[in-house]
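Engineer: Which chain is which? The protein sequence lines are A and B, in order. By the working numbering, the letter at position 35 of the first sequence is numbered 35, and the numbering carries on one by one without gaps. By the working numbering, the letter at position 44 of the second sequence is numbered 44, and the numbering carries on one by one without gaps.
These are calculated hints, taken from the structure and not from any lab test. Treat the hints with caution; some may be incorrect.
[To be verified] Lysine to any residue pairs mimicking SDA-like chemistry, simulated, CA-CA at most 25 angstroms apart:
1) B:Lys-111 to A:Ile-14
2) A:Lys-130 to B:Gln-129
3) B:Lys-111 to A:Val-148
4) B:Lys-54 to B:Ser-5
5) B:Lys-83 to A:Glu-159
6) A:Lys-142 to B:Lys-54
7) A:Lys-142 to B:Lys-109
8) B:Lys-3 to B:Thr-28
9) B:Lys-86 to A:Lys-130
10) A:Lys-107 to A:Asp-86
11) B:Lys-122 to A:Val-148
12) A:Lys-142 to B:Gln-20
13) B:Lys-60 to A:Ile-161
14) A:Lys-129 to B:Glu-131
15) A:Lys-130 to B:Arg-124
16) A:Lys-155 to B:Ser-5
17) B:Lys-134 to A:Glu-127
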Amino acid sequence: MDSFVSAFHIDLKIIIAQAINLAVVVFVLYRFAIKPLKKNLDERKVTIEKGLSDAKENAELLVASKHEHDKILSLARIEAEKIMHDVKKNAEAKRAELLESAQADAKAVAMAAKKDLEAEKHKMIHEAKKELAGLVVSATEKVLIGTVSHHIDQKLVEEAIH
Amino acid sequence: MQKISPKILASALHAATKGQTATESAQTVKSFVNILVKKRMIGKSEEVIEAYRKLTLDEKGIVEAEVTTSHPLANEAEENIKKFIKKEFGAKDVEIHHKLEESLLGGMKLKVGDTIVDGTLKGRLTQLQRELTK
Numbered sequence: 001m002d003s004f005v006s007a008f009h010i011d012l013k014i015i016i017a018q019a020i021n022l023a024v025v026v027f028v029l030y031r032f033a034i035k036p037l038k039k040n041l042d043e044r045k046v047t048i049e050k051g052l053s054d055a056k057e058n059a060e061l062l063v064a065s066k067h068e069h070d071k072i073l074s075l076a077r078i079e080a081e082k083i084m085h086d087v088k089k090n091a092e093a094k095r096a097e098l099l100e101s102a103q104a105d106a107k108a109v110a111m112a113a114k115k116d117l118e119a120e121k122h123k124m125i126h127e128a129k130k131e132l133a134g135l136v137v138s139a140t141e142k143v144l145i146g147t148v149s150h151h152i153d154q155k156l157v158e159e160a161i162h
Numbered sequence: 001m002q003k004i005s006p007k008i009l010a011s012a013l014h015a016a017t018k019g020q021t022a023t024e025s026a027q028t029v030k031s032f033v034n035i036l037v038k039k040r041m042i043g044k045s046e047e048v049i050e051a052y053r054k055l056t057l058d059e060k061g062i063v064e065a066e067v068t069t070s071h072p073l074a075n076e077a078e079e080n081i082k083k084f085i086k087k088e089f090g091a092k093d094v095e096i097h098h099k100l101e102e103s104l105l106g107g108m109k110l111k112v113g114d115t116i117v118d119g120t121l122k123g124r125l126t127q128l129q130r131e132l133t134k
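Using the sequences provided together with the hints, build the complete structure.
Structural biologist: Put into structure tokens, the structure is as follows:
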């Protein structure tokens with residue numbers, strides 16, 4: 001061993017000193033460079049992982065939102081169709097009701113007009129009859145004035161009491 | 001004071017004069033007129049006389065009839081009318097008041113009390129007019 005040390009001019013003290021130096025350097029490096037760097041890297045890793053996780057979560061949320069959006073849209077479309085159907089149905093019912101009402105009104109008006117017409121017709125017929133009867137009686141009276149003989153008159157008197 | 005109706009007065013006079021002689025009746029009537037004057041009802045005397053006359057006719061069973069014709073009535077026809085009234089109204093005798101009305105055209109209109117028999121041509125024409133107007 002001593003020959004080996006002397007052959008290679010190895011000074012044990014220097015080696016020890018160098019080892020201590022190396023240990024100090026390693027310690028300093030670890031303490032002030034590697035450890036903060038590692039810490040920093042870990043932090044960045046956590047941040048990136050969080051970012052990735054958030055992005056994934058966001059993507060999932062987006063997908064879920066899209067599904068929800070589609071679902072809401074679909075429901076809204078169904079609701080709109082239902083409303084349209086109801087509106088159409090109500091409009092049809094209202095139209096039928098209005099049509100029926102209008103038909104009833106028209107019928108009532110026609111009936112009233114017919115009734116008025118009938119009344120007017122009867123009135124006119126009655127008036128005509130009255131006028132005609134008046135004319136007949138008036139004409140007969142004119143014919144009879146002075147034409148009823150005493151004989152006929154006495155006969156009429158006899159008729160009245162028999 | 002409550003007014004007494006002419007009919008009641010006539011009934012009273014009729015009852016008072018019943019069975020009296022002409023002289024007695026004249027005295028009763030005179031007293032009756034005095035009462036009418038006192039009661040200030042002399043203005044109703046005509047109505048009283050008419051009611052009295054009707055009472056007298058009723059008592060005697062005489063029926064008054066109003067006959068309206070367009071021509072003068074023949075005696076035979078008048079007799080027939082009297083017979084008709086006696087038969088229909090159970091009268092002992094008939095007093096006819098005859099009226100002429102040319103507008104009746106012919107026939108006769110007879111009124112006894114509230115009963116009217118219209119056998120005139122005018123009446124028949126009016127009936128005809130009513131039938132035609134129906």
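Engineer: Determine for every hint whether it applies to the structure shown.
Structural biologist: Hint check results:
1. B:Lys-111 to A:Ile-14: violated (184 angstroms)
2. A:Lys-130 to B:Gln-129: holds (8 angstroms)
3. B:Lys-111 to A:Val-148: holds (23 angstroms)
4. B:Lys-54 to B:Ser-5: Given that 25 angstroms is the threshold and the Cα spacing comes to 15 angstroms, the pair holds.
5. B:Lys-83 to A:Glu-159: holds (14 angstroms)
6. A:Lys-142 to B:Lys-54: violated (40 angstroms)
7. A:Lys-142 to B:Lys-109: This hinted pair holds, its Cα atoms lying about 20 angstroms apart.
8. B:Lys-3 to B:Thr-28: At roughly 21 angstroms apart (the allowed maximum being 25 angstroms), B:Thr-28 and B:Lys-3 satisfy the hint.
9. B:Lys-86 to A:Lys-130: violated (40 angstroms)
10. A:Lys-107 to A:Asp-86: violated (31 angstroms)
11. B:Lys-122 to A:Val-148: holds (12 angstroms)
12. A:Lys-142 to B:Gln-20: With a Cα-Cα distance of about 57 angstroms, the restraint between A:Lys-142 and B:Gln-20 is violated, given a limit of 25 angstroms.
13. B:Lys-60 to A:Ile-161: holds (24 angstroms)
14. A:Lys-129 to B:Glu-131: holds (10 angstroms)
15. A:Lys-130 to B:Arg-124: Holds. A:Lys-130 to B:Arg-124 sits at ~16 angstroms (cutoff 25 angstroms).
16. A:Lys-155 to B:Ser-5: violated (44 angstroms)
17. B:Lys-134 to A:Glu-127: holds (11 angstroms)
Hint compliance for this structure: hints 1, 6, 9, 10, 12 and 16 are broken, all remaining hints hold.
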